[in-house]
Structure formats: structure tokens, C-alpha cells
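Novice: Sequence:
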Amino acid sequence: MRVVVQRVREARVTVEGRLTGEIGPGLLVLAGFAPTDSAPTLDWMARKLIQLRIFADDEGKMNRSVQDVGGQVLVVSQFTLLADASKGTRPSYVGAAPPAVAVPLYEQFVQLLTTLLGQPVPTGEFGADMQVALVNDGPVTIVLER
1 MRVVVQRVRE
11 ARVTVEGRLT
21 GEIGPGLLVL
31 AGFAPTDSAP
41 TLDWMARKLI
51 QLRIFADDEG
61 KMNRSVQDVG
71 GQVLVVSQFT
81 LLADASKGTR
91 PSYVGAAPPA
101 VAVPLYEQFV
111 QLLTTLLGQP
121 VPTGEFGADM
131 QVALVNDGPV
141 TIVLER
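According to the UniProt record's numbering, the stretch in the sequence shown is residues 1 to 146, in order.
Treat the hints as calculated values from the structure; they're not laboratory data.
Listed next, with one range per pair, are the computed distances between beta-carbon atoms: (1) G24 / R90: 35 to 45 Å; (2) V132 / Q111: 19 to 29 Å; (3) N136 / K61: 17 to 27 Å; (4) E107 / D58: 29 to 39 Å; (5) R146 / K87: 22 to 32 Å; (6) N63 / N136: 16 to 26 Å; (7) A39 / G60: 35 to 45 Å; (8) E107 / G24: 16 to 26 Å.
Beta carbons: idealized from backbone N, C-alpha and C, even for Gly.
Please model the complete structure; the sequences and the hints are all you need to start from.
Specialist: Shown next as C-alpha cells:
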């Protein structure tokens, strides 16, 4: 599993002009799943994201988590995070889980985050052509892999 997490002031995702998810201050999480991902992988990543201390404390030091600041999380599936572009100029996506595997992983991951945060976690639409808009705060962008 690979995620790109961005600290945002706001973010939203639309599909064919229809808003599917929107948040205020918090984390935009672009998530890619591999065929070997499992429940322990999802649990580790969800806990890591919720506890990641990338929000400023009273002294301006990145010392608070999204949970500490009462922020929100928006999750967008992105199989291209598992791309391999080491050969040629056309990336290979064989490292990404096929939809039959990835959809349940995605849904379980969102449910874990919802439970850990104690609030709904908005999402994009799996497999759709999505438009993601965000105001990156910092900017702070971190890649996590498990």
C-alpha cells in the first residue's frame, strides 16, 4: 500500500461535475493498493495517518495529529501510485491490485479511518475519472508505504 498524504486547508473531489467528497482543514489521502495488501497493512496505515504529527502546536512546531486538531480526512483511490516507470516511457500498473481486490481494501481502509476518527470520511469514487482540488497547507506532502 502506498499513500500520498497532503495537509490541506480544504479539498474536494468531483466526478462528472458531481461533488463526491469535501473537507475543510485536514488530510487529503491519495491511496493505492497492491495485491498483497491485507487487513494488518490497512490497520497500520490508518493508525499511522491518524497519529501523524504534521499539524502545528501552539509554538508553530509540527507536533499535532489530524485527530489532535479535530481535522478531517478525504480519501481518493489512485492506482497510479503503484506505477512502475523504470523501463521505457509508458508506466506499467501490474503492481496495482485489480479492482476485485482493491475495492474491498479501499472500503475497509475508509471504514477503519472512520472508526479511528469518530467521524465520516468522505471519498472519491473508486475507478472513476475524478477531479481533485485542494489548497495544500505548508505545503506538507508525505509519501507512506507499507
